[in-house]
Structures are given as C-alpha cells and as structure tokens.
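Protein chains in written order, with this note's numbering: chain R, 650 to 962; chain B, 11 to 258.
Please note: incorrect hints may appear among the correct ones.
Far from chain R by the CB rule (all over 12 angstroms, computed), these chain B residues [to be verified]: (1) Ala106; (2) Leu158; (3) Ala159.
Cβ-Cβ distance ranges computed for the label pairs, FRET-style [what the hints assert, rightly or not]: (4) R:Gly782 with B:Ala225: 24 to 30 angstroms; (5) R:Ala900 with B:Asn184: 36 to 42 angstroms; (6) B:Leu86 with R:Thr705: 38 to 44 angstroms.
Simulated from the structure, these hints should not be mistaken for laboratory data.
Here a beta-carbon is modelled for each residue, glycine too, at the ideal position from N, C-alpha and C.
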Amino acid sequence: MEAIRCEGLTKHYGSIAALDGLNLSVAEGSIFGFLGPNGAGKTTTVKLLTGLITPTEGRAWVADEEIESSSISLRRKIGYLPEEPSFYNWMSGREFLSFVGELHHLPSREIKLRCDELLKMVDLQGDAERRIGGYSRGMRQRLGIAQSLINRPEVLFLDEPCSALDPVGRREVLSIIQRLRAEMTVFMSSHILSDVERVCDVVGIISRGRLVTESPIEELRERYARSVFELQFEEDASHLISQLEALPWVAKVEMVRLNGEPIIRLQARDVNHANLELPRIVASSGLTLLRYELTLPSLEDIFIELVGSGGEK
Amino acid sequence: MTGLSVLIKKELKEQLKTYKLFIVTGIFLLFGIVSPLTFYFLPEFVPEEVVAMLPAFTVMDVVKEYVEMLSFMGMLAVILISMGAIATERDCGTAAMVLCKPVGRGSFIVAKLVGLSLTTIVALALAGLVCYGYTSFLFGEVNGWAFLALHLLLGLFFVTCLAVILLCSSLVKNELAAGGMALVAIIGGAIVSGIPAIGDYTPNRLVSWGTELVAGPAPSAWWAVAVSLGVIVVCLFLSWFVLQRKEL
Numbered sequence: 650m651e652a653i654r655c656e657g658l659t660k661h662y663g664s665i666a667a668l669d670g671l672n673l674s675v676a677e678g679s680i681f682g683f684l685g686p687n688g689a690g691k692t693t694t695v696k697l698l699t700g701l702i703t704p705t706e707g708r709a710w711v712a713d714e715e716i717e718s719s720s721i722s723l724r725r726k727i728g729y730l731p732e733e734p735s736f737y738n739w740m741s742g743r744e745f746l747s748f749v750g751e752l753h754h755l756p757s758r759e760i761k762l763r764c765d766e767l768l769k770m771v772d773l774q775g776d777a778e779r780r781i782g783g784y785s786r787g788m789r790q791r792l793g794i795a796q797s798l799i800n801r802p803e804v805l806f807l808d809e810p811c812s813a814l815d816p817v818g819r820r821e822v823l824s825i826i827q828r829l830r831a832e833m834t835v836f837m838s839s840h841i842l843s844d845v846e847r848v849c850d851v852v853g854i855i856s857r858g859r860l861v862t863e864s865p866i867e868e869l870r871e872r873y874a875r876s877v878f879e880l881q882f883e884e885d886a887s888h889l890i891s892q893l894e895a896l897p898w899v900a901k902v903e904m905v906r907l908n909g910e911p912i913i914r915l916q917a918r919d920v921n922h923a924n925l926e927l928p929r930i931v932a933s934s935g936l937t938l939l940r941y942e943l944t945l946p947s948l949e950d951i952f953i954e955l956v957g958s959g960g961e962k
Numbered sequence: 011m012t013g014l015s016v017l018i019k020k021e022l023k024e025q026l027k028t029y030k031l032f033i034v035t036g037i038f039l040l041f042g043i044v045s046p047l048t049f050y051f052l053p054e055f056v057p058e059e060v061v062a063m064l065p066a067f068t069v070m071d072v073v074k075e076y077v078e079m080l081s082f083m084g085m086l087a088v089i090l091i092s093m094g095a096i097a098t099e100r101d102c103g104t105a106a107m108v109l110c111k112p113v114g115r116g117s118f119i120v121a122k123l124v125g126l127s128l129t130t131i132v133a134l135a136l137a138g139l140v141c142y143g144y145t146s147f148l149f150g151e152v153n154g155w156a157f158l159a160l161h162l163l164l165g166l167f168f169v170t171c172l173a174v175i176l177l178c179s180s181l182v183k184n185e186l187a188a189g190g191m192a193l194v195a196i197i198g199g200a201i202v203s204g205i206p207a208i209g210d211y212t213p214n215r216l217v218s219w220g221t222e223l224v225a226g227p228a229p230s231a232w233w234a235v236a237v238s239l240g241v242i243v244v245c246l247f248l249s250w251f252v253l254q255r256k257e258l
C-alpha cells in the first residue's frame with residue numbers, strides 16, 4: 650500500500666521551477682528519506698504534500714486523500730514538523746500540546762494522557778510547565794515532534810528535523826524517529842546524509858527540483874557497490890594517489906580516515922579495468938597491503954555522484 | 011468554521027497572557043479619567059484672567075473630548091496591538107503550524123477578530139463606566155442610555171476598524187507595513203466621511219451619531235450601521251480569500 654503518491658507534481662515561482670514533475674511513491678510504514686542539497690525543492694515538496702501550498706501542476710495523494718489546501722480530512726491524518734517550528738512563546742509546552750490536541754478534536758481525557766505520553770517520549774516532562782519562549786532550540790525541536798504526533802498521524806512529515814541541532818540534540822531526535830518505525834509512515838527531508846542513512850529505509854534524491862533516484866538504501870548501495878575500492882597500507886601511500894589519478898579508468902581517488910587509519914578510496918569508471926589493474930599496481934608499489942576491499946559506497950558517495958552529475962541513473 | 015471555538019479560546023488566552031487586554035484597557039481607562047478631570051480642574055491651572063474668558067464646561071465638552079481621544083489615540087493603540095495579528099503569524103511560521111491542523115482558514119481569521127474585538131470592547135466598557143461616573147459626579151447628570159448607545163456605536167466602529175486592520179494584516183507579512191496600510195485606510199475613511207453626500211453612510215458617522223445622542227435626540231444613522239456591518243463581512247471574506255491563496 651502507498652502512503653504517499655505524487656504524479657507530475659510541479660511548483661513554479663515565476664519562471665523558477667522549485668519542483669519539476671515529481672513522480673514519487675512511498676510505501677506505507679516506511680521511513681522515507683528525501684535527500685537533496687539546499688534549494689533542491691525538499692521544503693516545497695513537504696509543503697505541497699501537507700497542503701500548505703498549491704501545486705502549479707500535478708496531483709498528489711497522502712493517506713488516500715488527494716491533496717487540497719482546504720482538505721480538513723487530510724490534515725486529520727497527517728503530522729507536520731516544519732524546518733524551524735514556531736510556537737506561541739507565551740504558552741507552556743504542555744499548553745501548546747493541549748491546544749494542538751483540541752485542534753484535532755481529541756477528547757480532553759485523551760489529550761491529557763497523550764500529552765503526558767509525548768512529553769515523556771521527547772523528554773520534556775520536567776519543562777512541560779515552562780514557557781516555550783525559554784526553551785532551547787533542541788527542546789523546541791522535540792516539542793515540535795511531540796505536537797506533530799499528538800493525533801497519531803498515518804503519515805508524518807519532518808522537514809529537516811535535525812538541521813539546526815547540535816550532535817546531542819540530533820542523536821535524541823533521530824532516536825525518537827527510529828522509535829516511530831512501523832507505527833506510521835515517516836517522510837523526512839534532509840540534507841544531512843548520515844541522518845538519513847541512520848534512520849531511513851528508502852531514499853529519494855532530489856536535485857534542482859527533479860527526482861534523481863528513489864530506492865531502498867541497501868539496493869542503492871548495491872547498485873553503486875562495484876565501483877568503490879578501499880586500500881589500506883602499512884606505510885604512507887599518499888604518493889600512490891597521484892599515480893592512480895592519472896589512470897583513465899579511475900573516476901576519483903581520495904585519502905580518507907577510517908577509525909583514524911588512512912585509507913585510499915578509489916572510485917572506478919571501469920570496474921573490469923580496475924579489477925585487472927589495481928592488484929598489479931599495488932604489487933608493483935612495494936607497499937605492504939593491509940586491506941583491499943571492494944566496498945559498499947556510503948550514501949554520501951552515491952549522493953555526490955548523482956547530484957554532482959545531475960543526471961538520471 | 012472548523013476549530014473556531016478552540017482558536018477563540020486561544021486568542022482570548024493570548025490577549026490575557028501577552029497583556030494586550032491590560033494595555034488597551036489601561037489606555038482607554040486613562041482617557042475615561044483624564045477627559046472629565048481635565049475640564050473640571052482646568053480653571054485651577056490657568057491664570058484668573060484666562061479663567062474669566064473660559065466658557066463654563068458642560069457634559070458635552072467632556073464627551074466630545076473623550077470620544078476624540080478614543081477615536082484617535084485609542085485607535086492608534088488598537089492598530090498597534092492588532093496589526094501583526096496575521097502578518098506576524100505568517101512571518102514567524104505559527105500560522106503554518108496551526109493551519110496544517112484540521113482548522114479552516116476562515117476560523118483562523120474570525121477567531122482573531124473575536125479576540126481583538128473582545129479586548130477592545132472590555133476596554134471600552136470600563137473606560138465608559140469610569141468616564142460616566144466622573145462626568146456625572148463632576149458635571150451633573152448624564153443620559154445613561156445615550157451614553158450606553160454611544161459606547162455600542164463606538165464598539166461597532168472599533169470592530170469595523172479591526173476588520174480593516176486584519177485585512178491589511180493578511181495582505182502582507184510585515185506587521186509595520188500592515189499597520190501603515192491600516193492607518194492609511196482608517197484616515198482615508200475619516201476623510202471620506204467628511205464628504206457631505208457620503209458621510210452619513212460611512213462607519214465614522216457612528217461616532218458622531220453616538221456623540222449627538224448624548225446631547226439629545228439626534229437624526230438616526232442606521233445606514234452607517236449597515237455599512238459598517240457590511241465592511242466587517244467584506245473584510246473578513248477578503249482576508250479569508252487572501253489567506254486561502256497565500257503560501258504559508
């Protein structure tokens with residue numbers, strides 16, 4: 650079953666296409682990572698799917714409801730956390746959650762229970778009676794997640810939920826998102842690849858308003874796996890980089906650090922050539938080889954390859 | 011009007027917790043107290059030769075001064091507390107947070123008007139009571155029913171202006187721009203009300219009708235009441251129409 654479906658969803662601002670014919674399908678119960686660089690069209694997509702803005706062309710469905718800005722029944726089924734959640738600073742955290750619960754027409758007894766449950770979940774019990782104006786950014790983000798969950802949404806939209814957080818805040822928010830797995834469909838936009846890699850099952854990569862690829866992360870890794878080699882030597886192997894860079898079948902060579910150890914990461918244009926020639930080059934270098942591995946690329950490798958090239962793969 | 015009652019409750023709470031109710035009430039009360047006291051004590055603050063030249067102040071002098079202060083300085087206060095009602099919420103993102111919930115955009119606007127109108131009406135009622143008390147005590151009998159009618163008409167005038175302010179606030183994201191637009195619209199309305207053929211049909215006629223009623227029997231201006239109600243409905247509709255098309 651699909652929780653989200655877009656058909657040719659397009660949004661123009663004057664002559665600029667913020668989103669250009671998005672076709673997308675998100676399976677029910679998945680955590681979908683919507684990746685893209687800044688200005689790629691992620692927030693526009695989220696706002697379109699939550700009915701906050703109207704498309705120039707195309708149609709979309711969320712939780713079996715066609716998107717319309719005036720659709721009250723759609724808004725009963727979704728939760729939304731904007732990139733920078735805003736609150737009424739004069740309210741306390743609990744007051745805001747109750748207010749959102751009332752907007753969803755929940756019975757007062759359920760509102761109270763749900764507020765307690767969510768405040769505990771986002772670790773804001775101790776600050777629930779404090780004015781939101783005094784909350785830190787991380788606390789506001791966690792309250793934002795809590796308010797988006799009050800109605801037990803079928804589909805939860807999170808727009809860059811971790812972008813403004815420090816590492817501790819980010820870890821907390823990601824762990825909350827992980828706990829939502831199987832409870833609902835989560836559509837999470839982000840430009841932080843490691844966050845998406847950590848919590849999402851499926852990713853869509855968007856660049857300049859167009860969807861470049863959409864696939865489960867593991868499938869994506871396998872699709873791009875054949876071309877990345879990692880080499881580790883006992884001695885300093887930096888001189889080998891310039892030698893490898895000169896070869897026509899090599900797309901990219903870089904020295905990276907893995908657990909503090911220097912590793913040569915090589916991305917091949919032609920894997921057959923690499924399989925034939927790389928062992929020979931290593932042998933002739935006279936260096937002591939500690940590790941030779943054809944690796945799964947990180948999401949970052951795939952992202953840079955796709956977004957950098959700007960083409961469909 | 012989905013979510014209207016919840017939003018009205020929130021607006022009323024906001025008026026209390028952000029002290030808007032107390033600020034407007036304080037300002038209006040000041041006018042209610044200052045107007046009668048100024049006229050009563052003025053002879054004591056000016057030289058005797060000037061006192062001899064001063065006319066004997068009457069209830070109507072006090073009422074006219076009170077109404078003038080309310081409709082100018084009071085109106086400024088009302089513009090200041092309401093100009094950001096929609097503009098600021100759109101700009102800072104709280105409108106998006108609320109309107110992605112099962113809430114109609116019409117409810118969002120109507121709740122704002124109700125909250126701000128109640129603040130203004132409470133302030134007006136208290137200022138009226140105080141002004142009535144002081145004026146009756148210091149200057150003699152004041153027609154209570156006429157004074158009540160004046161305040162009902164003033165209340166309608168303020169609510170009409172609030173609807174105009176909300177429309178301006180829904181048009182732009184900047185509260186100062188919204189306030190400026192509203193001020194221009196209200197001043198424009200006052201200028202138009204000075205045109206003899208049109209004046210009787212404008213909301214500003216409510217104020218002069220109310221003042222005339224305190225003085226004694228006065229020609230009615232029910233058309234001004236109808237036009238004011240029409241302006242409120244049209245402004246609410248236009249605000250909804252604009253907000254429906256605005257990107258949040």
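key: Non-conforming hints, listed in increasing numerical order   = Per hint list: 1, 4, 5 violated.
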